[in-house]
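Participant: The residues making up each chain are set out below.
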Amino acid sequence: MTMNHNELLSALVDSELQGSELDQALQILAADELATAQFQRYQQTTDVLKGYGERGLSHNLASRISLALESEPVYSEQTTKHKAEVITLPTPFWKQMTGLAVAASLGALAVVGVMTQPQNDLLTNTPMAAIDAPAEMITVAQTGERWTVNEPEIENRLNSYLLDHNEQTGSSGVFSYARVVSYGAE
Amino acid sequence: MNVDLELVQRVQAGDKKAFDVLIMKYQQRIVHVITGFVHDPVEALDVAQEAFIKAYRALPNFRGDSAFYTWLYRIAINTAKNYLTARSRRPPASDVDAMDATNYYDAPELKEFETPETRMMSDDLEQGIHEAIQALPEDTATAIKLREFEGMSYEEIAEVMECPIGTVRSRIFRAREAIELQIKEIMGEGEQQ
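The listed protein sequences derive, respectively, from chains A and B.
Reminder that position 107 of the first sequence reads as 107 in the numbering used here, one-by-one numbering, no gaps.
Just add 1000 to wherever you are in the second sequence, counting from 1, and you've got the numbering used here.
Since the hints were made in silico from the structure, they are not lab data.
Do not rely on the hints blindly, as some may be mistaken.
[Claimed, not checked] In silico DSSO-like cross-links for lysine-lysine, where the CA-CA straight-line distance does not exceed 27 Å: (1) 1054(B) with 1081(B); (2) 1016(B) with 1054(B); (3) 1054(B) with 1017(B); (4) 1145(B) with 50(A); (5) 1054(B) with 50(A); (6) 50(A) with 1081(B); (7) 1184(B) with 1145(B); (8) 50(A) with 1184(B).
Between the sequences and the hints, there should be enough to build the whole structure, so can you do that?
Facilitator: Structure, rendered in structure tokens:
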């Protein structure tokens, strides 16, 4: 064990080693028990300076733990990699999957909604709305209680809007606002 | 890369010896933390050993989201609490916050468990270390003070002292060697070697 080795160990205590120097320090510690003892002394000096209890209390703890860990498995990159794959799937992938799942659910809901809507209503209600609604709306317009629309063009356009609205809401199951207007006007 | 994280990655990749370094780095601090819960020093060592074994077993799940020591600290606290619960002893109502884990040595709840003997020994050591530091050349003393008391990195010390990082490293090493000699005098040469 040289002075240079000890300097490396001192730097390791301060977590100031990287790359090949860290490799070297670990090799020294693995090969030389004196180096391990020296490293522990440096570490304990730091611990004492920082107030972490008296020196020597747990001096044998490291060897005790190392002994106890002998029966524990040695991890491999595969073990860790497998866990990493499970835990840290790329976020964009999940985002995409979530997006697709939401889109699929909405699509399925839309299809089910259309399928459960009585098809005849769509066909038969439209002409009925076309016949009924204008009559009501014309009444509203003519009475002038709500709208004072004297222009026939505008009146027709408003009625066509209401018809469209009625058709759309009728097919989607939403309560038609146009009918409320009609009832209120009468 | 952070040295602790690199050591963890080496363990995860099959280098079991790298875990020994982590044990040596943190054993004293972990024992100190556990002594705040488990007052008996022998029991505290057993609990510390259990905590390190638990940490080793959980290591494949460690992703480096927090500092290794903070993670280890939490394991140690939980192990100590479980130990007390298993023995029908009530764990302390409060403990040192994990975020303050690196500064917990000032926590009064830990200080109160010191025995007069350990306190005296610590005082002697502290005094001896301070005397050793006082006797160092100014540059060397400044480097070790900035490192140990201010917690500065080598890079920061180099900036403050306007010298290369390599110089800082050797100054700190020389300071440690001098302190080591002083401690040997205080403790006696026979000390666990």
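Participant: Does each hint fit the structure? Answer for all of them.
Facilitator: Now for the hints, and whether the structure bears them out:
1. 1054(B) with 1081(B): Answer holds: residue 1054(B) to residue 1081(B) is near 14 Å, not above 27 Å.
2. 1016(B) with 1054(B): 15 Å, holds
3. 1054(B) with 1017(B): Holds, at roughly 16 Å.
4. 1145(B) with 50(A): Holds: residue 1145(B) and residue 50(A) sit about 11 Å apart, inside 27 Å.
5. 1054(B) with 50(A): 26 Å, holds
6. 50(A) with 1081(B): With Cα atoms ~25 Å apart, residue 50(A) and residue 1081(B) stay inside 27 Å; holds.
7. 1184(B) with 1145(B): With a Cα-Cα distance of about 20 Å, the restraint between residue 1184(B) and residue 1145(B) holds, given a limit of 27 Å.
8. 50(A) with 1184(B): The given pair, whose Cα atoms are some 18 Å apart, holds under the 27 Å limit.
Violated hints: none; the structure is consistent with every hint.
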